[in-house]
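**Student:** Residue numbers (my numbering), protein chains in the order written: chain V, 1 to 528; chain Y, 1 to 201.
These are computed hints drawn from the structure, not numbers from a lab. The beta carbon of each residue, even a glycine, is placed where N, CA and C say it ideally should be. Some hints here could point you the wrong way.
Claimed, not checked - BS3-like, lysine-lysine: derived pairs with alpha carbons at most 25 Å apart:
id: 1; chain 1: V; residue 1: Lys-452; chain 2: Y; residue 2: Lys-133
id: 2; chain 1: V; residue 1: Lys-442; chain 2: Y; residue 2: Lys-166
id: 3; chain 1: Y; residue 1: Lys-171; chain 2: V; residue 2: Lys-442
Said to hold, decoys possible - Just a few of them, taken from the derived set where beta-carbon distance is under 7 Å, the chain Y residues facing chain V:
id: 4; residue: Gln-45
id: 5; residue: Gln-121
id: 6; residue: Ala-122
id: 7; residue: Val-125
id: 8; residue: Pro-175
id: 9; residue: Val-176
Stated by the list, open to error - Distance ranges between label pairs, derived from CB positions:
id: 10; chain 1: V; residue 1: Val-116; chain 2: Y; residue 2: Pro-32; range: 46 to 52 Å
id: 11; chain 1: V; residue 1: Ala-494; chain 2: Y; residue 2: Thr-112; range: 53 to 59 Å
id: 12; chain 1: Y; residue 1: Glu-164; chain 2: V; residue 2: Asp-326; range: 34 to 40 Å
Letter by letter, the chains look like this.
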Amino acid sequence: MRKLFHFHGGIHPPSNKTQSTQTAITSAPLPTKLTIPFHQHAGETAKPVVKVGDHVLKGQLIGMPDGFVSSAVHASTSGTIAAIDMQLIAHPSGLPNLCATLIPDGKDEWVTLNPVDYRSHSVAELQQLLRMAGVVGLGGAAFPSDVKLRIGKQKIKTLILNGAECEPYITCDDMLMRERAAEIVQGAEILRFMLDADEVLYGVEDNKPEAIAALQQAITASKSAQQNKSHEVIAIPTIYPGGSAKQLIRVLTGLEVPSGKLPTDIGVQCFNVATAYTVHRALAHGEPLLSRVVTITGNVRKAQNYEVLIGVPINELVALSVALSDTNGYIMGGPMMGVPLHAMNAPGPAVQVPVVKATNCVIAASAKLFPPPQPALPCIRCTRCVEVCPADLQPQDLYWFAQSKEFGRAQAFSLFDCIECGACSYVCPSHIPLVQYYRFAKSEIRAREYDKLLADQARERHDYREHRIEREKREKAEKLAAKEKAAQAAKLAAQPLTPQQQTEQAELAARREHIREVAQSAVEHPEG
Amino acid sequence: MLSALLVMAGIAIVLGAVLGYAAIKFRVEGNPLVDKIDAVLPQTQCGQCSYPGCKPYATAIAAGEADINRCPPGGEEGIQKLADLLGVDFKPFGGDTNAPKPKSVAIIDESTCIGCTLCIQACPVDAIVGAAKQMHTVIASECTGCELCIAPCPVDCIVMLPIEEKISNWKWKYPVYTLNAVETDRAAEAALQRTNGRAPG
Ligand code: SF4
Ligand code: SF4
Ligand code: SF4
Ligand code: SF4
């Protein structure tokens with residue numbers, strides 16, 4: 001039995017997971033229209049490589065990765081590109097972003113797929129293949145996986161497969177592990193190969209015994225994993241937010257990721273189980289990331305997991321599970337960290353937005369399930385938030401600095417170590433929306449740092465320009481002086497001069513000298 | 001007694017020599033106060049402060065010749081930063097300065113541009129590219145929005161466009177939540193009002 005460790009704090013909200021694990025994952029039907037955003041991942045927006053009117057095949061590249069941190073975007077089915085324009089997406093701002101609208105032709109016709117055997121490729125080639133297959137982290141942050149696999153010279157000891165799924169209501173990873181454990185294990189082995197890790201630990205919360213059993217069985221059955229004798233499934237205690245990367249690393253290895261550092265700095269890398277599955281599909285089958293498993297739950301008649309194409313409108317998806325009549329809103333993601341979606345015309349993103357690579361769950365909300373927030377009262381410094389903070393912060397101090405806009409002090413109190421898990425808001429007896437304050441403070445600080453960077457660059461360019469103008473003036477003056485000197489020397493050499501000519505020459509030279517001085521002083525004291 | 005005096009004198013001489021050496025060795029070029037002030041100015045280089053750029057304005061502030069409330073691009077926050085840095089009181093914008101406006105970038109109408117290069121010469125931060133008789137373009141990410149290129153253009157083909165809110169520059173807003181005074185308790189109500197008053201925006 002492996003020794004497990006604890007992280008500070010954590011909470012036990014009602015899990016509400018059993019509703020959606022009663023039926024197997026079902027494929028959602030092809031909708032009449034898909035809206036595929038070009039920015040579904042952390043980093044730079046992919047560049048459209050198709051035109052309006054183009055016919056595309058399922059799996060065809062429509063967005064080229066653009067920049068180091070970026071990922072490819074593909075057509076989720078065959079059909080016609082009807083538009084490439086700004087469409088609403090599930091973003092807390094409610095602002096639109098660049099999307100391709102795809103009208104399916106119903107044939108679901110694939111491009112030619114090129115499966116590869118990962119063992120016959122270099123790690124760099126595999127990274128490029130994953131980038132072009134649009135593989136990103138499916139745990140929520142949607143960080144491009146190829147970037148997480150570029151580790152330089154760091155030695156990775158432990159690869160962690162995150163199957164904790166700690167947030168209430170969400171069961172997509174649980175169902176994937178139960179039904180497709182073999183492919184997850186094969187994907188994990190590819191990741192282990194690429195990182196050259198010594199061991200692979202699957203962290204799964206102990207409220208998912210079926211998933212744990214399925215993974216164990218898959219490891220025993222898998223040849224390559226067995227060869228390495230390095231894969232191990234570990235049941236971890238169920239506590240929120242135990243599935244957050246830093247906290248999971250702590251529980252499994254006892255190691256602490258230092259503030260401002262990456263897990264790779266301490267020899268650990270972490271991937272979601274669904275990401276491992278996608279890695280396997282992308283290489284062994286040549287299939288880019290076109291669909292994912294999404295939990296539809298909450299105030300619906302039949303909570304369930306669906307295999308959904310990227311770009312399906314969320315309202316059409318929810319309709320499959322039949323939202324009950326008192327549904328008053330939707331949440332994309334979990335109840336702790338998700339983005340609220342409203343009915344059209346209300347402020348914020350609408351429920352008509354498409355499913356993206358980061359969409360793991362949609363919860364139909366009702367006043368009964370999620371009572372409206374109670375009015376906030378002043379902080380009574382009860383320190384309950386401190387007790388539950390998994391990042392070991394002082395949430396009440398962070399709140400104080402954020403609400404009084406003392407950003408420097410908030411930063412000094414490690415604001416950026418906050419993982420926005422919402423545990424503090426959950427327990428706060430004064431119902432203060434603490435996380436909203438942290439998000440506000442973080443984005444203000446980021447914006448200021450960016451402005452500062454731009455100002456510094458502007459200063460540099462301005463200084464360079466001044467310097468250049470000065471130099472040009474000086475060079476002109478020098479050229480003029482050299483010319484005069486040459487002319488004088490030529491004259492002197494031409495003929496011997498009478499004493500009278502000599503005095504004339506001297507006078508001339510003196511006058512020229514004077515003019516030069518005047519010109520020089522004009523350079524030193526330029527007007528304006 | 002004498003030895004003690006000698007020791008003290010010796011220490012004084014040594015320390016004096018060290019300080020003198022340090023002053024020569026580590027002498028800071030330029031005026032450090034000017035650089036500190038310049039560091040908090042927005043570097044728009046627009047001249048609205050009536051000085052020919054941010055550095056000259058910083059120099060004037062350092063010399064005590066200029067007030068701290070003359071830079072519109074810096075906004076009130078900029079004045080606050082200067083006040084904090086210099087240890088003086090905040091001052092609202094003075095009478096003759098322009099009111100601050102949202103940050104903009106210059107856009108050249110490329111079909112009208114005649115390639116006269118006048119705007120290139122005017123741009124204080126080299127944000128315009130183009131050669132003589134060629135169409136010119138503003139590098140939006142480098143434009144500080146100073147508006148100095150507008151006046152020289154003989155065909156009036158440069159306009160300033162405010163930077164619009166996009167997903168890439170969107171910021172989380174200050175939390176506003178409705179305070180429903182459902183409680184009848186006097187103390188709770190007073191407390192509510194206090195939170196309310198504390199929350200600007
Ligand atoms: S839990 Fe709420 S009331 Fe208690 S100290 Fe934290 S912020 Fe203040
Ligand atoms: S949201 Fe941030 S401050 Fe609050 S408990 Fe989570 S990590 Fe701690
Ligand atoms: S007004 Fe313009 S030139 Fe003067 S300090 Fe401000 S940004 Fe710089
Ligand atoms: S492009 Fe025009 S507005 Fe922008 S910095 Fe240059 S001169 Fe100023």
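**Student:** None of the hints should be skipped; say for each whether it holds.
**Tutor:** Quick rundown of the hints versus the structure:
{"no.": "1", "hint": "Lys-452/V to Lys-133/Y", "in the structure": "violated, 35 Å"}
{"no.": "2", "hint": "Lys-442/V to Lys-166/Y", "in the structure": "holds, 17 Å"}
{"no.": "3", "hint": "Lys-171/Y to Lys-442/V", "in the structure": "holds, 9 Å"}
{"no.": "4", "hint": "Gln-45", "in the structure": "holds, 5 Å"}
{"no.": "5", "hint": "Gln-121", "in the structure": "violated, 10 Å"}
{"no.": "6", "hint": "Ala-122", "in the structure": "violated, 11 Å"}
{"no.": "7", "hint": "Val-125", "in the structure": "holds, 4 Å"}
{"no.": "8", "hint": "Pro-175", "in the structure": "holds, 4 Å"}
{"no.": "9", "hint": "Val-176", "in the structure": "violated, 9 Å"}
{"no.": "10", "hint": "Val-116/V to Pro-32/Y: 46 to 52 Å", "in the structure": "violated, 60 Å"}
{"no.": "11", "hint": "Ala-494/V to Thr-112/Y: 53 to 59 Å", "in the structure": "holds, 56 Å"}
{"no.": "12", "hint": "Glu-164/Y to Asp-326/V: 34 to 40 Å", "in the structure": "holds, 38 Å"}
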